[in-house]
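Protein chains in written order, with my numbering: chain A, 1 to 441; chain B, 1001 to 1305.
Just so you know, the hints here were simulated from the structure itself, not pulled from any lab data.
Just to be clear, a hint being listed does not mean it is correct.
Stretch by stretch, here's where chain B covers chain A in the computed footprint (C-beta under 8 Å, at least three residues) [as the list claims (entries may be wrong)]:
| # | segment |
| --- | --- |
| 1 | 47 to 61 |
| 2 | 325 to 336 |
| 3 | 390 to 400 |
With the Cβ distance kept under 7 Å, some of the chain B side facing chain A (calculated, not the full set) [to be verified]:
| # | residue |
| --- | --- |
| 4 | I1049 |
| 5 | A1102 |
| 6 | M1110 |
| 7 | V1120 |
| 8 | P1128 |
| 9 | T1175 |
| 10 | V1274 |
| 11 | D1278 |
| 12 | I1286 |
| 13 | L1289 |
| 14 | T1294 |
| 15 | L1296 |
Cβ coordinates follow ideal geometry from the N, Cα and C atoms, glycine included.
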Amino acid sequence: MRVKTPSINTAKAPSGIPALLKTAGFNALIALVLFSLMVGVRTEAGSDGQLTYWTRFGEVASLVAAVFGGSIVIELLKQWIGPTGAEKLVPPAVQSGMSFLGRYLAPALLIFTLLVPVIFYDQRYILDLAILVLTYVMLGWGLNVVVGLAGLLDLGYVAFYAVGAYSYALLATNFGWSFWICLPLAGILAAFWGVLLGFPVLRLRGDYLAIVTLAFGEIIRLVIINWQELTGGPNGVSSIPRPSFFGIPLDNSDNGLAARLGIEYSPTHRIVFLFYLILALALLTNWVTIRLRRLPIGRAWEALREDEVACRALGINTTTTKLTAFATGAMFGGFAGAFFATRQGFISPESFTFQESALVLAIVVLGGMGSQLGVALAALAMIGGFELFRSLESYRMLVFGMAMVLIMIWRPRGLIGHRAPTVYLTKAHAISSDLVKEGHG
Amino acid sequence: MDYFAQQLINGLVLGSIYGLIAIGYTMVYGIVGMINFAHGDVFMIGGFIALITFLLLVSTGLTAVPVILLIVILVSMAITALYGWTIERIAYRPLRHSFRLAPMLSAIGMSFVLTNYSQVAQGARVKPVPPVITGGYTLHESADGFVIQLSNIQIVVVITTIVLLAIFTWLVSRTRLGRDMRACEQDQTMAALLGVNVDRTISMTFVIGAALAAVAGLMYLLYYGLVDFFMGFVAGIKAFTAAVLGGIGSLPGAMLGGLAIGLIETFWSAYFSVEYKDVAAFSILIVVLIFMPTGLLGRPEVEKV
Chain A
1 MRVKTPSINT AKAPSGIPAL LKTAGFNALI ALVLFSLMVG VRTEAGSDGQ
51 LTYWTRFGEV ASLVAAVFGG SIVIELLKQW IGPTGAEKLV PPAVQSGMSF
101 LGRYLAPALL IFTLLVPVIF YDQRYILDLA ILVLTYVMLG WGLNVVVGLA
151 GLLDLGYVAF YAVGAYSYAL LATNFGWSFW ICLPLAGILA AFWGVLLGFP
201 VLRLRGDYLA IVTLAFGEII RLVIINWQEL TGGPNGVSSI PRPSFFGIPL
251 DNSDNGLAAR LGIEYSPTHR IVFLFYLILA LALLTNWVTI RLRRLPIGRA
301 WEALREDEVA CRALGINTTT TKLTAFATGA MFGGFAGAFF ATRQGFISPE
351 SFTFQESALV LAIVVLGGMG SQLGVALAAL AMIGGFELFR SLESYRMLVF
401 GMAMVLIMIW RPRGLIGHRA PTVYLTKAHA ISSDLVKEGH G
Chain B
1001 MDYFAQQLIN GLVLGSIYGL IAIGYTMVYG IVGMINFAHG DVFMIGGFIA
1051 LITFLLLVST GLTAVPVILL IVILVSMAIT ALYGWTIERI AYRPLRHSFR
1101 LAPMLSAIGM SFVLTNYSQV AQGARVKPVP PVITGGYTLH ESADGFVIQL
1151 SNIQIVVVIT TIVLLAIFTW LVSRTRLGRD MRACEQDQTM AALLGVNVDR
1201 TISMTFVIGA ALAAVAGLMY LLYYGLVDFF MGFVAGIKAF TAAVLGGIGS
1251 LPGAMLGGLA IGLIETFWSA YFSVEYKDVA AFSILIVVLI FMPTGLLGRP
1301 EVEKV
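Isolated chain B (complex conformation) (with noise of 0.2 Å):
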């Protein structure tokens, strides 16, 4: 019981980050309608830019963690963003009303660009980073000594994947912006005549996202202590794989799969075997969009002739 509650624990944080990812895609998609492949390194970049940020600023001699980790966040979201604006400016917007599959195919060529950028930007070496949240709080001891942990980085990524989402539903919801994003889902056209200026918004669906990514990133840097050049793929497909489980197109879906997604993962490794769980994560994949194509909280999609 109690392994149980320290591999939910473990579930959720990973699934609060692959939630992040998945919002990214399930935004662009319900937009544009097309798979953002480059998304996963689009995270990878953004856990780049924080480990470099953050190795900077300690640098400078600053010591204290909140305001550090305050100006990384900033930081990172702000130059994360902007890749992903330059990415649809330059792989997708030419591409807007060509056939189905070119910016399917654009936007793997422009995965291979950012993988391939940071290993020559950053070598190939994994990057390490000393924990910097340590610390955490015992919810439970057992009798025979297994100890429930609560750890204080866990806590912080749960807690920032909350305060975004709050912040990102009020954005999607109340904002003028929002309303934009909605309109140009329903009917890009109609939006454009009524006064919506889409490839404005569609610009900023892909900064939002973009924005989320590099949070992920960051607290995937903060969690796991590393990053490399080639995360963003594996992460990538498995958020892609959390926004289809949820439903593509919804919001609140993205967050609900990225969380099924993650404890799926932890369970599997903590119960039948680690080497087995991607295998799981793409099974459910497949799984999933064979028996239930919309998902669990998307709406069914109408072929129109």
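Chain A extracted, bound-state conformation (with noise of 0.2 Å):
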């Protein structure tokens, strides 16, 4: 019997110009039956309800030939830069340049961000963004602790942001408690939700964890949408306090804090700080996160990442492990919740989507599974790029998709750096024969 060699795609011997006319010519053609009908007619519902239709030829042919000579360039660079190996060995200069950039750039970017309200001042846009960045640096910090420590697949972390804004949105609304008494209480509230759900479903694997924690997401989230009296539904509630400096309302009143230190006052105080609020939340879960991998359960949770089934040969409780993990990354969402509450002062369903999910994973995944640094750098790349494409409204998505496959073709490990477990073997010991013999010890 003949066998038969198991790849269709990489075992194109022939390297010349007809091959590379052929491999192109034949995803032109795939490309002209994809997008042939999806693009080539273009439907609509017109005012009285009936279909019409319109034929967009031009876009079909320029998609097509946009295929067929991307494919052109990318057979030639597969040809330049050879075959693509599993782990390709990076020369050692380059890799004592990294080590003294990551030595060098944390410092030198923790620095940058604590002066950005200094040098932006008179920037609101990007006082804006510089928090916007900052809460999915936090959100992403906090799911690195179960998805980069822990390694638990968790789609359906936008639930714990999602009940962290609501507890303090509605704690706020309906008791007028203040943001500081409230905070703890929305960590609180989110860590809590994640013990439910982490309880019974944690004894999974990871896909089906995965599943499970995105259908836990669509029912908080259909649960807010639905629950009309407690949440308002997709009204959302507003009107949600603005935080106080430890009681000092900065605003315009008074005893507002301009007032008291005897300043102009500007809208930009509250700007100001509300991102070096969010800017200490963030540091206090990178802290957090750090020492916690020093401790025995931030071993336990990297021990569980690289293999559980060794874990629990070694008598580590997976599921108390699992648990905590689960807990602390929800606890650090409900965080980022309810200063997501207090910044907007208005939030409603729609911000708490299964795409804010992705996208938090994304940073994570993007940032290299575990990487403090990476993470961060991530979420500026990501929102920075969402910024970019802003006019593009509708296109963004679709390029983020296509950024999250290519990333996971070309460096699945994360574009910046994975993180090794913090302690492991240098040397590799050799056990003799006798030891690990099938029936014995």
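Fit the two chains together into the complex; they arrive one by one in their own frames, and the hints show the way.
Below is the structure:
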């Protein structure tokens, strides 16, 4: 019997121009069929409910041409770079450069971030964007505990964000509680929900866990939409109180912070305050994560990520370990949610869709799961990139999805780096064969 | 009682549509071991292609409904199958030997690409279609005037599903391709050594799954009379729930699970609340996974070290 080669694509031996054109032509033909109806015929419901259509053959032609050209470029690049191995060796010079960069980049970034409100004091847009980026940095660091450290794929992280946001919004609007009382409560409530969800489902394996967390996120969103008496349904909760500077309001009144300090009031004060607030929260997340990683529980998380069966064999209680990771991540999500509510002053279920979960997850994955600096840089790149594409509103999620696929193919372990386990054996120890023989020890 | 019977019919019809989508999930999971997160969007693409083909055919002046439906079903199956093939080729094949979460994340990305691609290409507004298959039968009329209706479209949906299932079962159990698929499901390396073209078999799995999803998309279009770019997400999760409920990897299980989810959703809307029908479906997913991780007809998975 003839054994066929298991791969069609990579075993393309002839690499001349005819083969190149053949591949490109084939891809273009496929693109033509794919785009012919979906792009070539545009349907729209008219005002009387009648469907009309018009053709757009120009767009199809340009798309097909783009695929043709693109596949030629990709094939040429493939031949240039050569076959891609699983692990590429990094030259030592680059490696030392990277470690140098890694050592000084984080403090430099931190100092720059601290100075952002000073440098861009007059530019409200940049300050708002910086607050947004920091919110996602915090969410990314929070989810990093679950995905990056413990290796549990959580597709419903936004649920905890929503729990935090609604906890603060409802407590503050109904009972008039201050932000500083509600903040820990929001975190505790989110962690409580994390435990509640985690307790039954954490026995599941990776993919199943992902789907269950996704379902949980959707359930939370649907309950928020439909439980109108409590949450206001699709209209959301509005006029959420702004945070105060530990009891001193940041407004134009006589006992506001500006009046007490004797300086002229400016609305930017509140923005700057919010900026430092989220920065402090994010740094708290980072600090707690770094500290936890040195504790037995953090070590257990990393061990769990590397090999669950081995963990169990070594006597680690995997359920408790997973649960603490889940609860810790959820708590930070809750903090971020409370901050989100107080910053916006208005929240509605629209802010807590699956897209949000996927965005935070993409930040964590892109940043190299487990790497704190990587997550921060990825958040900056993602949210910054989203802002660049703001004019192309409907295209940006398209680009986002494509980026996610391409990054998975190109650098599945993340763009910036992958955090190796904190402790590991540097040298492989040979074990005598009589120790590992079957049926013994 | 009459109300119950009517809901039973509605639930079975909805369940057939979910079952057709669920087969795609369960086949891919059985062979490649990944959740094809973009499958719900493939279903949506199938609905759109059916709509466009339908519109083009009607504008040429063709009036014979059976002919139109036949052409629409063939065209949408063919093109959607090509979508399935392309998705596997671009997003999943390069990751087949990567770490576990990689194909899942790639699939989520692909799902976003498809959703937003059809939003960009076809606009965000809901596309309504006039009812194509009209009429029906009154099965029973009770004394207080409640009528049990069985519409023609419901008959078409159920019969199409049964016919497709018959073809599909034959394909899996009697043909060379089906044998290859079952071999790959058990052990890919061994199958490759014995002369099974693993890559082609996996591609074909995606193609068949996408073709069935296209039919589901067409049925959805005919039954509900609308498509929009976002319908793949919720339908996808529910179909996945159906696949899990039936026991992932099991083909009759997928259909059974689809029917169960369709019935539960319909009865929940009929007797409790319409608003929480999705919550009910998702809660079932969680409950099933907790208490019955192997589903109704699934085999327990052995963890090898």
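Counting residues of the segment 390 to 400 of chain A whose CB is closer than 8 Å to a CB in chain B, do you get three or more?
Since three or more residues must qualify, the claim that chain B covers the segment 390 to 400 of chain A holds, with 5 doing so at under 8 Å.
Residues of the segment 47 to 61 of chain A with Cβ under 8 Å from chain B, three needed, outcome:
Per the Cβ count (3), the hint holds.
Hey, does the B/L1296 contact hint survive, CB to chain A under 7 Å?
violated (16 Å)
Holds or violated: B/T1175 as interface residue toward chain A, Cβ cutoff 7 Å?
With Cβ-Cβ at 18 Å, over 7 Å, it is violated.
Is the interface hint satisfied for B/T1294? The criterion is a beta-carbon contact with chain A at less than 7 Å.
Cβ of B/T1294 sits 11 Å from chain A, so the hint is violated.
Interface hint compliance - B/P1128 to chain A, C-beta minimum distance less than 7 Å:
Holds - the Cβ of B/P1128 comes within 7 Å of chain A, reaching about 6 Å at its closest.
Does B/I1049 pass the interface check with chain A, least Cβ-Cβ distance below 7 Å?
holds (5 Å)
If you take the shortest Cβ to Cβ gap from B/V1120 to chain A, is it below 7 Å?
holds (5 Å)
So, as I understand it, the hint says B/V1274 touches chain A; can you test that by seeing if any CB pair is closer than 7 Å?
violated (10 Å)
Status of the B/L1289 interface restraint (C-beta, 7 Å, chain A)
With a closest approach of 6 Å, the B/L1289 hint holds.
Any CB of chain A closer than 7 Å to the CB of B/A1102?
holds (5 Å)
Quick check on B/I1286 please, does its C-beta sit within 7 Å of some C-beta on chain A?
holds (5 Å)
The structure does not agree with the numbered hints 2, 9, 10, 14 and 15 stated previously, though it agrees with the rest.
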